[in-house]
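Student: Build out the structure end to end from the sequences listed, making use of the hints.
Those protein sequences? They're chains Z and F, same order as listed.
According to our numbering, the first sequence is numbered sequentially starting from 1.
According to our numbering, the second sequence is numbered sequentially starting from 1.
Rather than coming from a laboratory, the hints here were simulated on the basis of the structure.
Just so it is clear, CB atoms sit at the ideal spot from N, CA and C, and this is done for glycine as well.
Check the hints yourself; a few may be wrong.
Said to hold, decoys possible - Quick list of simulated restraints, FRET-style, between CB atoms:
hint	chain 1	residue 1	chain 2	residue 2	range
1	Z	K286	F	R262	49 to 59 Å
2	F	A154	Z	N154	16 to 26 Å
3	F	E9	Z	G221	33 to 43 Å
4	F	R262	Z	T125	19 to 29 Å
5	Z	D211	F	E4	53 to 63 Å
6	F	A288	Z	A218	52 to 62 Å
7	Z	S231	F	G53	34 to 44 Å
To be verified - Here are the simulated lysine to aspartate or glutamate pairs, EDC-like style, with alpha carbons at most 16 Å apart:
hint	chain 1	residue 1	chain 2	residue 2
8	F	K98	F	D88
9	F	K43	F	D31
10	Z	K31	Z	E282
11	Z	K77	F	D24
12	Z	K185	F	E51
13	F	K278	F	E292
14	F	K310	F	D214
15	Z	K31	Z	E99
16	Z	K185	F	E47
Claimed, not checked - Listed next, the stretches of chain Z that the computed footprint assigns to chain F, with coverage defined by at least 3 CB atoms under 8 Å from CB atoms of chain F:
hint	stretch
17	126-139
18	146-158
19	175-187
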Amino acid sequence: MLSDSYHPLIETPGDKASVFSSGDDLKEVAKRLRRDIITMIGKAGSGHPGGSLSAVEIITTLYFRIMRFKPADPDWKDRDRFILSKGHAAPVLYAVLTECGYFPRSELSTLRQLDSHLQGHADRTVTHGVEMSSGSLGQGLSFAVGCALAGRLNSQDYRVYALLSDGECDEGQTWEAAMSAANFKVDNLTAIVDKNRIQLSGFTKDIMDLDPMNRKWAAFGWRVFEVDGHSFEELFDAFGKARKVKGKPAVIIAHTVKGKGVSFMENNVDFHGKAPSAEQVEQALKELA
Amino acid sequence: MTEELAPREVYGRTLVEMGRENPDIVVLDADLKPSTMTRYFEKEFPERFFEVGIAEQNMIGIASGLAASGKIPFASTFAVFAPGRCFDQIRVSVAQAKLNVKIVVTHAGVTVGEDGASHQALEDLALMCSLPGFTVIVPADGIETAQAIRAVAAHNGPCYVRLCRPRLPVIFDSVYRFQIGKAVEMRSGTNATVIACGVLVASALEAAEQLARDGVSCRVLNMPTLKPIDEAAIVKAAAETGAIVTAEEHQEAGGLGSIVSRITASRQPVPMEFVAIKDVFGQSGKPAELLERYGLTAKDIALAVRETIKRKA
Numbered sequence: 001m002l003s004d005s006y007h008p009l010i011e012t013p014g015d016k017a018s019v020f021s022s023g024d025d026l027k028e029v030a031k032r033l034r035r036d037i038i039t040m041i042g043k044a045g046s047g048h049p050g051g052s053l054s055a056v057e058i059i060t061t062l063y064f065r066i067m068r069f070k071p072a073d074p075d076w077k078d079r080d081r082f083i084l085s086k087g088h089a090a091p092v093l094y095a096v097l098t099e100c101g102y103f104p105r106s107e108l109s110t111l112r113q114l115d116s117h118l119q120g121h122a123d124r125t126v127t128h129g130v131e132m133s134s135g136s137l138g139q140g141l142s143f144a145v146g147c148a149l150a151g152r153l154n155s156q157d158y159r160v161y162a163l164l165s166d167g168e169c170d171e172g173q174t175w176e177a178a179m180s181a182a183n184f185k186v187d188n189l190t191a192i193v194d195k196n197r198i199q200l201s202g203f204t205k206d207i208m209d210l211d212p213m214n215r216k217w218a219a220f221g222w223r224v225f226e227v228d229g230h231s232f233e234e235l236f237d238a239f240g241k242a243r244k245v246k247g248k249p250a251v252i253i254a255h256t257v258k259g260k261g262v263s264f265m266e267n268n269v270d271f272h273g274k275a276p277s278a279e280q281v282e283q284a285l286k287e288l289a
Numbered sequence: 001m002t003e004e005l006a007p008r009e010v011y012g013r014t015l016v017e018m019g020r021e022n023p024d025i026v027v028l029d030a031d032l033k034p035s036t037m038t039r040y041f042e043k044e045f046p047e048r049f050f051e052v053g054i055a056e057q058n059m060i061g062i063a064s065g066l067a068a069s070g071k072i073p074f075a076s077t078f079a080v081f082a083p084g085r086c087f088d089q090i091r092v093s094v095a096q097a098k099l100n101v102k103i104v105v106t107h108a109g110v111t112v113g114e115d116g117a118s119h120q121a122l123e124d125l126a127l128m129c130s131l132p133g134f135t136v137i138v139p140a141d142g143i144e145t146a147q148a149i150r151a152v153a154a155h156n157g158p159c160y161v162r163l164c165r166p167r168l169p170v171i172f173d174s175v176y177r178f179q180i181g182k183a184v185e186m187r188s189g190t191n192a193t194v195i196a197c198g199v200l201v202a203s204a205l206e207a208a209e210q211l212a213r214d215g216v217s218c219r220v221l222n223m224p225t226l227k228p229i230d231e232a233a234i235v236k237a238a239a240e241t242g243a244i245v246t247a248e249e250h251q252e253a254g255g256l257g258s259i260v261s262r263i264t265a266s267r268q269p270v271p272m273e274f275v276a277i278k279d280v281f282g283q284s285g286k287p288a289e290l291l292e293r294y295g296l297t298a299k300d301i302a303l304a305v306r307e308t309i310k311r312k313a
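Tutor: Structure follows, in structure tokens:
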């Protein structure tokens, strides 16, 4: 059960605070998202379950406790922006957007099919609630910096959240963006690195060692928070602290488990980009019951 | 003496004028503002100018985020660096995302001169014209540049404008009105048509003048918009003059000539010649020397016109 300390940070009439009561059981929400992720990828027959499952608590905390938005008005100009830079984790975003009411749950079963609103990688032009088209890694943080700068120019008080994978920190553009965010003193931006330690062809430490990641971000001028990326308490606390940082951007390095919640997917490189079989879907759903 | 203007100088001044009229205009540059002339905008609107350093991928990404949040970003660098250093960012973050980003590049082509091959963009139009939804414009002089910049600011969608380094002779008068997607007949003619863009429009006019002295009547079409291309003007020219020469400061593959020949081949086949860079890189030299070395002069255009006319049925 949730402790009483969970309250939306912002309560604006019409925002998600009015859509969801503060009593939502985040653990139940997270479980539903995981079931949706497994079911939709299983049905599609292809996709990336591991990096969606690792980000469930991060995305649940953001959408159910931190961000303000209006599902009925996806283009509401004062909405907080969630930028999915790791575009292959589109299923976790689709699951939470459905949960929030951006589109009917029935659409989840069309994932990756011809003419579906739910493309294999996130596409802002076809899916309500998707801010950015991604899938080519390393581009999201730059986009997020642009959104944050626009908010500052317009004197709007929205915040921008960018979810990155640890693997995409291999991309030079991520660090170009990191440098620029600090240079521009962007403080309405929080980046989250879903540090699940696995990328497509192996463990990040074997492919291209990214550690010490915290010191890299700090050296680039960011305020760094490190949390257990599956702990709602730690995530909520870090998001709250991050929004209080002034004059520089903040990054939350979320230590996560790739494939979290499904025993045979956890820490398994194979499930970076492979759909579960029918039997595996059944077993996974049992574990997530 | 013919008046000359540097298109990039005009670009810089036009940005400032537009900045005064529209608070949503913002400008980004990647450490080239004294050359792209975005420095004028920075001086007047420092809070709306973003110097990203030598980081073109990030520049395009930030521009896309600004556009998604309602701004009209103009991102500038040299033509070799955009799209060269950031094609995938332009493809995914701008084109596929259908965002209102304006990429205005300078120093295209061999007329960059002494900086040599690494700095002479000869492939950018092929890359940019391959992207769905992009508007691609190559102005022919300072007057057309000012109007094209205003036109892309008013157009809702991703745009690429390619400018050169040197000053160019002014070929339009002040009543000229540029329209996206419209060719402009600069000179009438019946024996052949030269379709040119950018630096080579003035050379095409000079070639037509030379040909006229020998009794050859040559139409000249300025084709400032490569995408969407003015198909009707091309088909009309092919039907009425029966021979077409294209002229551009770009590789033969994938540029104006490729686009025009795609239209003529499918709708109105006629003999064609292509004045363009023939699958080589440039080198250091003076702009005029380089145009001559790579066959991009009025003389080369006139010769190509005579060749196509010979091949007419």
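Student: All hints, please: hold or fail.
Tutor: Cross-check of the supplied hints:
Separated by about 57 Å at the C-beta atoms, Z/K286 and F/R262 satisfy the suggested range of 49 to 59 Å. The hinted window of 16 to 26 Å between F/A154 and Z/N154 holds, with their beta carbons roughly 21 Å apart. At about 36 Å, the CB distance of F/E9 to Z/G221 agrees with the hint of 33 to 43 Å. Hint check: F/R262 to Z/T125, Cβ distance near 27 Å, so the stated range 19 to 29 Å holds.
Hint check: Z/D211 to F/E4, Cβ distance near 57 Å, so the stated range 53 to 63 Å holds. Checked against the hint of 52 to 62 Å, the C-beta distance between F/A288 and Z/A218 comes to roughly 53 Å, which is consistent with it. Distance hint check for Z/S231 and F/G53: the Cβ-Cβ separation is about 37 Å, which falls inside the suggested range of 34 to 44 Å. Between F/K98 and F/D88 the alpha-carbon distance is near 14 Å, which keeps this suggested pair within the 16 Å criterion.
Between F/K43 and F/D31, the direct Cα distance comes to roughly 15 Å. Compliance with the 16 Å bound is thereby established for this hinted pair. A hinted pair counts as satisfied when its Cα atoms are at most 16 Å apart, and Z/K31 with Z/E282 qualifies at roughly 15 Å. This hinted pair checks out: Z/K77 and F/D24 have alpha carbons roughly 15 Å apart, not beyond 16 Å. The hinted pair formed by Z/K185 and F/E51 meets the criterion: a straight-line CA distance of about 13 Å does not exceed 16 Å.
Taken as a hint, the F/K278 and F/E292 pair is honoured in the structure, with Cα atoms around 13 Å apart against an allowance of 16 Å. A hinted pair counts as satisfied when its Cα atoms are at most 16 Å apart, and F/K310 with F/D214 qualifies at roughly 15 Å. Taking the CA atoms of Z/K31 and Z/E99, the gap is about 12 Å. The hint holds against a cut of 16 Å. Distance restraint check for Z/K185 and F/E47: the Cα-Cα separation of roughly 13 Å lies within the 16 Å cut-off, and the hinted pair is therefore satisfied.
For a cut-off of 8 Å, the count of residues in the stretch 126-139 of chain Z with a CB near a CB of chain F stands at 8, and the three-residue condition holds. Here the stretch 146-158 of chain Z counts 8 residues with a CB under 8 Å from a CB of chain F, which clears the bar of 3, and the coverage holds. Remark: the stretch 175-187 of chain Z is confirmed as covered by chain F, as 6 of its residues place a Cβ nearer than 8 Å to a Cβ of that chain, reaching the required three.
Checked against the numbered hints listed earlier, the structure breaks none of them; every hint is satisfied.
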